[in-house]
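Protein chains in written order, with the working numbering: chain A, 1 to 265; chain B, 1 to 251.
Incorrect hints may appear among the rest.
Claimed, not checked - Examples of chain A residues lying across from chain B (beta carbon under 10 Å, computed):
hint: 1; residue: LYS12
hint: 2; residue: MET58
hint: 3; residue: THR59
hint: 4; residue: ARG80
hint: 5; residue: GLU89
hint: 6; residue: ALA90
hint: 7; residue: GLU100
hint: 8; residue: ARG107
hint: 9; residue: SER113
hint: 10; residue: ASP171
hint: 11; residue: PRO172
Bear in mind the hints are in silico, worked out from the structure with no lab data behind them. Bear in mind the structure is a predicted one, so any value in this text is a computation, not a measurement. A virtual CB, placed ideally from N, CA and C, is assigned to each residue, including glycine.
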Amino acid sequence: MASAVEAEQLVKRFKGRSGTVEAVRGVDLQVAEGEVFGFLGPNGAGKSTTVRMLTTLMTITSGSARVAGVDVTAEPDAARRGIGVALQEAGLDPRQTGRELLVLQARLFGSSSAEAVDRAQELLELVDLVDAADRRIKGYSGGMKRRLDLASALVHQPRVLFLDEPTTGLDPASRLTVWEEMRRINAQGTTVFLTTQYLEEADQLCSRLAIIDDGLIVREGTPAELKADLRQRRALSSDPSLDDVFLDATGRTRERIAGQVQEVQ
Amino acid sequence: MTQYWALSRRGIREVLRTPEALFPTVFIPLFFLVVNVGQAGRIFPPGATAFLKGQNYAAFQLPSAILLAASFGSAALYLVEDIEGGYFDKLRATPVSRTSIVLGRLTAEAAKIVAITTVLVLAAVPFGVSMASGVLGFFLLLLLSASWAVVFSGFVQLIALKSRSAAATQSGSLVFFPLLFLTPNFVSRDLLTRPMEIAATFNPVTYIMEAMRSLILEDLAWATIGRGFAVIAVAGVAMVVLNVRTIRAYD
Numbered sequence: 001m002a003s004a005v006e007a008e009q010l011v012k013r014f015k016g017r018s019g020t021v022e023a024v025r026g027v028d029l030q031v032a033e034g035e036v037f038g039f040l041g042p043n044g045a046g047k048s049t050t051v052r053m054l055t056t057l058m059t060i061t062s063g064s065a066r067v068a069g070v071d072v073t074a075e076p077d078a079a080r081r082g083i084g085v086a087l088q089e090a091g092l093d094p095r096q097t098g099r100e101l102l103v104l105q106a107r108l109f110g111s112s113s114a115e116a117v118d119r120a121q122e123l124l125e126l127v128d129l130v131d132a133a134d135r136r137i138k139g140y141s142g143g144m145k146r147r148l149d150l151a152s153a154l155v156h157q158p159r160v161l162f163l164d165e166p167t168t169g170l171d172p173a174s175r176l177t178v179w180e181e182m183r184r185i186n187a188q189g190t191t192v193f194l195t196t197q198y199l200e201e202a203d204q205l206c207s208r209l210a211i212i213d214d215g216l217i218v219r220e221g222t223p224a225e226l227k228a229d230l231r232q233r234r235a236l237s238s239d240p241s242l243d244d245v246f247l248d249a250t251g252r253t254r255e256r257i258a259g260q261v262q263e264v265q
Numbered sequence: 001m002t003q004y005w006a007l008s009r010r011g012i013r014e015v016l017r018t019p020e021a022l023f024p025t026v027f028i029p030l031f032f033l034v035v036n037v038g039q040a041g042r043i044f045p046p047g048a049t050a051f052l053k054g055q056n057y058a059a060f061q062l063p064s065a066i067l068l069a070a071s072f073g074s075a076a077l078y079l080v081e082d083i084e085g086g087y088f089d090k091l092r093a094t095p096v097s098r099t100s101i102v103l104g105r106l107t108a109e110a111a112k113i114v115a116i117t118t119v120l121v122l123a124a125v126p127f128g129v130s131m132a133s134g135v136l137g138f139f140l141l142l143l144l145s146a147s148w149a150v151v152f153s154g155f156v157q158l159i160a161l162k163s164r165s166a167a168a169t170q171s172g173s174l175v176f177f178p179l180l181f182l183t184p185n186f187v188s189r190d191l192l193t194r195p196m197e198i199a200a201t202f203n204p205v206t207y208i209m210e211a212m213r214s215l216i217l218e219d220l221a222w223a224t225i226g227r228g229f230a231v232i233a234v235a236g237v238a239m240v241v242l243n244v245r246t247i248r249a250y251d
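One chain only, chain B, in its complex shape (with noise of 0.2 Å):
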């Protein structure tokens, strides 16, 4: 454990130490909600739409922005840079967890995007959204946010194990980024067409996006929050089980 926040500190420090990463984390989500809620929002408006329950569009493109702004980890290209640099083998040389090691620096993905997630919903506040969840389920959807960026970060992790290579890295993460859009991203999944409802059923970003969606749109359902935890929670455990199974064989 003394291990693992040591590593994690180091990768807080990093990102503390690069602010000019988080401009774009920060910028390209919120850009995307106001241009989605500029374009879409008056044909949903709140009184007639059922799916908003009561709230305004902000408040059902919200998650997409912050799944979106989870989805930017920089852990993996750093990871690139200690691979290239030589201090990932240091690393290795050290008798350190490699669960340690992949979890490490992926909790400052957390960390930076529990303060991005707080900026998004504060910044949609002055525009009628509002946490129907109250209190508890603010703390939900930071957690939900965190551990989704844990995870996210972590496949992307694996491709630049695989890869060892900044240009491979960065290509390979737009692999999952589809998965972001086959979603019921604009409208509720009952709304989508037949093709896109299949696709969003069997995509594992639905659950987490309408479990983020339910924490600012009503009260309490823990049955989509739970199903929102369990697919972070499978994904989590394929996510470690790889990465460290990728950093024993590492040659």
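So that you can see chain A by itself, here it is in the shape it has in the complex (with noise of 0.2 Å):
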């Protein structure tokens, strides 16, 4: 199966007054078309560094990457043509209306008047927002505001799309939405390269995961395979769970003391 992203020995070095810090130390990166691939790791950990070298929007120190089978340095705007992204921070524009803001962002994507009219209120219906889509954003709730950043990342119809922690923040009925909405995404053939800080939501939605710590992949499979290597390697007597694997692989324990619960580096 082709690959829909594409990641050689990346890195990303920041210069700052402190000296350099290697956030992204080489990561090595496979995600096949039509997969929900889960990126998983601790705070600072690198997963929004790469994501953002993976979507043009950071510059790569060494290594290459390859989204949607172009090179995103080479043409970034040929990469980014394939790629539909929503950051951890719902990137949108308060003075609009949720209906300018998706015409706007499909007129970028080289739609004309008509197609971009007609494709905003496609997605409007389809993240159910046609009733207040001639308010101004700033009205929204933030799950409202989740769902148009969902909508704006898929006017131009992108073969990859990357949700950096789209559930951040969201009351448990909205994240349910969201996640309906990723698998009908993902249904219709769209890659999603999914980051999140919920094990259970990389459970329930992700064919294949990594996981990052350090600014380096420490595991990689499926789910069922992180598992029962874990399993196999503690020899423990039934599947841990998603959260055990990232404990382990993420080098910290968790020890219940006295009804405590406590992270041990």
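Relying on the hints, combine the two individually framed chains into one complex.
Structure representation (structure tokens):
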């Protein structure tokens, strides 16, 4: 199967006043077309930096990346045409209405005026925002903003959709709505590259996962494979949870002592 | 071009939806015009002051008010809001040309200053100010003020891109402010003290002010007008190149 995302020895260094920080230290990734790929890791592990490099939003220090078959450094505009992006912050303009935002987004991807209007209406129906379409975004709830952000990432029917913690801060109902949208989008053939801190979310949605820690990929496989591997290595009597896999992969353990949960590095 | 217009329309909508931001842009230049003319008008009587070319001191001061208004752009602060809110990344993730991203919002600044310049000129008419260069001169005045607004706001936008902070952007825009005053602001250049004359000669804003002033005080003086547009063209190219480079290297 063709690769939707390929990264080889991806490195990102930041130069700061206190010296050089290596946020991503040689990441290799292969995501097949049509997958929902989960990208997990603790805070500061390099998830968002990797996503920003793959989506042309950040320069790559060394290594290479191809998304939707296009080298993101050599042909960034061509790569952008194949990528949809919804980042941690729902990137919306609060002074525009939902409809204006989607029409503008479609125009920026080359749609004609009439096509953009039709596509906006289609997406507003898809994310159930028709009633709020002509209201300014600043009055939207967090869930509505997240759905609109998702819709804006889909205006050009991207081959690969990057979702960076799309459900962070959402109530359970809104989270389930985003999950449903994600499944529906993936069922239509779009590859989804999902970063999340919610392991249950990854378990529910992702066909394959990679766990990044300290700028390096430390585990990769299907959720079942990762659990089976841990069960075998630890000689456990039952399948561990994805939480256990995550804690094991990132070098953290959880011990319950006198009713308290402690994280020990 | 389609993408540029789409972004320009967004910028214009933004300006129309924040009318409260327009008030200081109109009020402060008008205030300075009234105060400066009130304080110095009698020192420079029209009949006895050669540099007024037969008009009154309000006509001489009008370009300063227009330049001041054109320097009160809000594009850079809106850009900081886009950066902080994540919308700037959304724009960067589209295949739109970086020049369109830079110029889209600045077009709204141009449209805004065309309206404000018209208001300022109309407000000056009852006080005896007229456009000596006629209708063509008025349109050239609008073009000069709009182009200057684009260039000035573009440089402040550069600070926004570099600093990503509203406070730094606001403070940074003040760096440009002295340029407006190191000009033949109150008298013609030949009447300035020697150090001020040297400073004004090296200050590009002087040539824009003199071009505007010539359009109000005399018939079409193409050499003076040409110098004003040339300064704006050079500064404009530098502004666009620097902004585009900054966006391309933006991490």
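Against the structure, the hints:
| no. | hint | in the structure |
| --- | --- | --- |
| 1 | LYS12 | holds (9 Å) |
| 2 | MET58 | holds (5 Å) |
| 3 | THR59 | holds (6 Å) |
| 4 | ARG80 | holds (4 Å) |
| 5 | GLU89 | holds (3 Å) |
| 6 | ALA90 | holds (7 Å) |
| 7 | GLU100 | holds (7 Å) |
| 8 | ARG107 | holds (4 Å) |
| 9 | SER113 | holds (8 Å) |
| 10 | ASP171 | violated (20 Å) |
| 11 | PRO172 | violated (24 Å) |
Hints 10, 11 from the list above are not met by this structure, while the remaining hints are.
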